[in-house]
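Participant: Make the full structure from the sequences, and use the hints.
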Amino acid sequence: MGSQKRIAKELAELVETPPEGITVELADESNLYEWTVHMEGPDGSPYHVQRKIPGEALLPTGYPFKPPAVSFATKIYHPNVTTDEKGSMCLGMLRPDEWKPSSKISAVLQFARQLLAEPMPDDAVEGRIAEQYKNDRKRFEEIARDWTRQYATS
Amino acid sequence: MSTSTATASASLSDSPRPGRLRRFSQLRAYTQNLANSSPSPRSYRNSFSSRVPWLSPTSSSGPDPSPSHVGNSTAPCPESDQPALSRYTSAPSSSSHGLADANSQGSSTESSRSTPPTDRTQTTHVMARLRSASAVQSRPPRILDRNANPEASSPSPEPSAAQSDATDLAGTTSAEAQGTSLKPKQKATIRFFPYQDSLQSSRPSLPFAPIARTLPSESCVIRVGRYSERDGIPIPNPTEPSDAPVGFKSKVVSRKHCEFLYANGQWHVKDVGSSSGTFLNHMRLSQPNMVSRLYSIKDGDIVQLGIDFRGGEEMIFRCVRIRIECNRSWQQQPNEFNKNTESLIKNLGKGDAADYSGCRECSICLGSVLRPYQCLFMAACAHVWHYKCISRLIHSPDYPMFQCPNCRAFTDLSAEVDDTNDFEGDGEKDTKKPAVAESTQEDPPQTQESTNGLTANSAGETQDQQENHHSDEPSLVDDVENLHIDDEQQAGAASEDTRSSDSPAPNTSQDDLARSATNIPGWQPTQPLSVPSSHQSHLRTDTPVRSETSDENPLTPRNDSGPLAFDGRAGMP
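In the order they appear, the protein sequences are chains F and A.
Counting in the numbering used here, the first sequence runs from 9 upward without gaps.
Counting in the numbering used here, the second sequence runs from 2 upward without gaps.
For the record, the hints were derived by calculation from the structure and aren't laboratory data.
Built from N, CA and C at the ideal position, the CB exists for glycine as well.
Each hint should be verified, as a subset may be incorrect.
Unchecked claim - In silico DSSO-like pairs for lysine-lysine, Cα to Cα no more than 27 Å straight-line:
no. : chain 1 : residue 1 : chain 2 : residue 2
1   : F       : K17       : A       : K389
2   : A       : K299      : F       : K108
3   : F       : K112      : A       : K299
4   : F       : K13       : F       : K83
5   : F       : K112      : A       : K389
6   : F       : K146      : F       : K83
7   : F       : K13       : A       : K389
8   : F       : K108      : F       : K13
9   : F       : K17       : F       : K83
10  : F       : K146      : F       : K74
11  : A       : K299      : F       : K74
12  : A       : K250      : F       : K74
13  : F       : K112      : F       : K13
14  : F       : K83       : F       : K112
15  : A       : K250      : F       : K108
16  : F       : K146      : F       : K112
17  : F       : K17       : F       : K74
Unchecked claim - If the Cβ cut is set under 8 Å, some of the chain A residues that face chain F in the computed set are:
no. : residue
18  : S364
19  : I365
20  : N407
Facilitator: Here you go:
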């Protein structure tokens, strides 16, 4: 109950003054806990394409005491994003022991976008991609761009 | 300071370095010696206790002391240490001040961080005026202030500084003398909390009561190892500064496992040759039985001692995971944030909400905490929430420990209410700062008015009247109107105010708490973590009182012979 008030407040704030490159809306008007997020790939990153990358943020009922989950709806070639159909994002600040109730979704999304610009290969979920990111940056960017074009725009 | 101190520090500045280096190499030689002599551990212990005189000198009762080894390993230690020691301790007091001057920069950065630069100039100004006795104005205010009355705060134990010199290596970087000039509140404090790794679904680590240590002097070392009666009865949370060793009842912790020390304004950890390793954020510091270098640690780091043995099913085979809390002293003394919070609470219920940023929002519901007639909860770090919002985190399984969701600072909610006043000298300084902040803050006019009302008020009236005044709303309105005229006299009043706001009896009423910055509950500078004594004695009593002897070396097979051999007793012949 208390959490709904907070979520509504955060949502209103995000809709009113959206952070750069991020738009947020409710996936279903009657459900405050599922948000649809559209994220613009940061300039200069291989994820920067015409269209915004769709994703979602799921808020647990225990929010803000429990961390939200952020995922991409399309496949993203990125060391910190799983390549399965879930496309879930591994953010340090979302880990249960790292999460602080005082963090806001807005900060989470901005952090996620920052992660697109600067992957963190040392904290990766896709070890192979992280390896490639470290050793063969060019090839990594090529594939990442391909994937983004292929999946995000279709 | 005077010229004599300057020259003294100059002449001393050369000497510590070679001494330090020499001692370092000694220490290395000593540890290698230790590794070599492991087959006959008694010699090692003898050498150790001769080196570290405050360990209980019980080595003589070993059944067969092998003289040759004893002779070898002890030889280099005492002679070399003694001169160095005496050199430090016999230094004239003036030179120790000089040294402290040179070194205090490092340790003061932490505290001065809390005061933004803009504030600082004003502070200097006022302090210079108030403290005309101290003629030094070129230094940053903190340092100035500390040097201004070194005598007042120098009951520091010279002998303890000298003692710890024996094992210490990095502590010597900042000479022992530094401890003498540190104010109590600026002493290095570290706290250990049990940490459970929730992510890796690993077995729980060893539970232990939170441990707090405040170093009596910067050169002290906190030794961590397996719990042992030999180290004397452990004091989990001494009220006085202490470098008492920390013991854990786990067999994966070596007797001498690691050490925490404070050097150059930072806490460090080093493995002192543990067999199962010390891990800093999952990284092992050294090979088995090897001494590691110093690793700096910061607040929130996880230090793990040893690895679960035999699956860690039994408690005594569990590793120890410690969450470090350090470098938080800035939080426990007046800083911009908690001063703002103070005025926020002061103005609560007066209708005109002050525009203080940062502390008006409940971070749980994102609503304002400024509205009157709501139940609030303020932690020792001065973060405030609605009680309703935060109650879930208060009444958690960890209860009486409360972790601030904003800054992660831990508070022991079961701690005794601290109704002592600040130290004499500190109190003067502390209350001065809020006064400065109040009179110089650029706030919307109406808040300026109300704060002025308070300050001028306390300057003009006696303590008695003040209390009436606070409990009596209509008269307050009158006063505020009257005192608005006094704006021009603010500067003068500010200095007066420091005296009067220093005096309120700490345990009278809520109003008093809000009025004086020094009395905000739970943040006395050196407030210890008090853990129910039953808990401590419980920890203590289940190891049988041990007679003596057995060896120190963690590698000796005997130590592992029985499941309850905390102290080597079970394995003894």
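Participant: Which hint numbers does the structure go against, in order from smallest to largest?
Facilitator: Hints 4, 9, 10, 12, 15, 16 are the ones this structure does not satisfy, whereas the remaining hints hold.
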